[in-house]
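S.K.: Here's the letter readout for the chains.
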Amino acid sequence: MIRCLACDEPLRDDPERMGARCPRCRQPLYEDPRHAIAQYPGSAEASHCVVHTRSAAVGTCERCGNFLCAVCRTRWRNQVLCVACIERALESKEATPAEARAHLRQSILAIVFGGVAWFGTVLSMVMMIAGFAGNEPNIGLVGLGVLLLLATPLPGLLGIGQAASAIRARGDHMIMATIGLILSGLHTGIVLGLFTFALLQNR
Amino acid sequence: MIAFPCKQCGKRFERPVDACGTLVFCDCGTGTRVPWESTLPPTAEPMPVNVPARSWSPPEPERPLGQRRFHEPQPRDRAYCLNHSSAATEHTCADCGETFCAACVVTVQGGVRCGPCKNHRVRGVQRPARLAVLAIFAPLIALAAGGFWLILILMTAGGKPNASFVLGLGTFGLLPQLTAFTLGALALTKVESSDKTSGRDWAITGMVAALVMAVLIVQLSFVVLQVAD
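Protein sequence lines, in the order shown, are assigned to chains A and B. Counting from 1, position 159 in the first sequence corresponds to residue 162 in the working numbering; the numbering is continuous, with no gaps. Counting from 1, position 8 in the second sequence corresponds to residue 10 in the working numbering; the numbering is continuous, with no gaps.
These are calculated hints, taken from the structure and not from any lab test. Please note that a few of the clues may not be correct.
Stated by the list, open to error - Covered stretches of chain A, as calculated for chain B (at least 3 residues, CB under 8 Å): (1) 19-27; (2) 78-84; (3) 121-129; (4) 134-145.
Just so it is clear, CB atoms sit at the ideal spot from N, CA and C, and this is done for glycine as well.
Let's have the full structure, built from the sequences with the hints guiding it.
M.R.: See below:
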């Protein structure tokens, strides 16, 4: 259980619902209250915040370089930014590092799964051909090849999911995601098509 | 300190001497270069630093519950800023509802908010997304039930299958796939509607797997039906 730093009130409520201030003393819960209050400049030489022109500047925005006060100072992905830059970042919906990593991971996984599906298919074909090659067919090898062929749609399906998700999310690795979708989707489509073709042939 | 006006709207700016030559952007959108010397007369003495309504001291080491020191909150006049007891209220924070002077609030996401509430909101935006549980279940159900049903239908082909039994088995086998597809669609809707939910890849995989498994079940049922005929 957390306690308010200012009044020591035990805080049992959901932090999301409680908000940023202690429900009892109304002091900030997650930051040093002294650092969250705008201070008037101590001397005439002190810099002023661009937004609050009567407040002392405590630093500069790491994107636009404007002076900012304690109220405007905002931490955004390991940078100290002003409110205007925060607004721009929120409006542009710039991808978080986690989202960018997820996009790269999904794109790579799509290619890997598609490649595994195709490799498994080729390997199973080779096993079946080798099984039937001799005078007496090697049933074990052929059976193993059939099992492998039946298992190949699984990585294909996983590849489609990863690739479609990466393409839907948009990002810097769209080409990789598209290659993954083509590999996986083509494999699944061909397997289903061959199965349907075999079904129609046997009628 | 160099004092100069915005060349568009005339708003007063003050910058330190070492900032001369840099650009300053005004609220009106115009950029004004900081001059080498003041072009405006100096202002009167700055307002005295207001002592915050409540002084704050760093937390003391953890004490036993019975010996905790509680700082009783002081009653305050909402006509004055929460942080600056001598400044009249000009704004109300949209999140916490407290009243503040103009120096203590900023406009973020279309609302006037105090510093801590603004920080809390921005922290919330940066919080990592949570994985949708439904998105995990969708591919699991589709693949597990699909595999089970395919093996079950294949096993019936070994004996003398009854056509209606195979048809019923095939139809019944579609129900888990329908469930998996619905779960995947629900998870995808949740992911698309909320930035704080992840699992789009699992949801799409579940939907695609459910569709493919349904097609395979139907096809295999037809094969077994042909054997039954």
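S.K.: Checking C-beta pairs, does the region 78-84 of chain A have three or more residues closer than 8 Å to chain B?
M.R.: Coverage by chain B holds for the region 78-84 of chain A (3 residues, Cβ < 8 Å).
S.K.: Count the residues of the region 121-129 of chain A with a beta-carbon closer than 8 Å to any beta-carbon of chain B: does the count reach three?
M.R.: It is violated: at least three residues are needed, and the region 121-129 of chain A offers just 0 whose Cβ sits closer than 8 Å to chain B.
S.K.: Examine the region 134-145 of chain A: at least three residues should have C-beta closer than 8 Å to a C-beta of chain B.
M.R.: violated (count 0)
S.K.: Please check whether the region 19-27 of chain A has three or more residues whose CB lies within less than 8 Å of a CB on chain B.
M.R.: holds (count 5)
Checked against the numbered hints above, the structure breaks hints 3, 4 and satisfies the rest.
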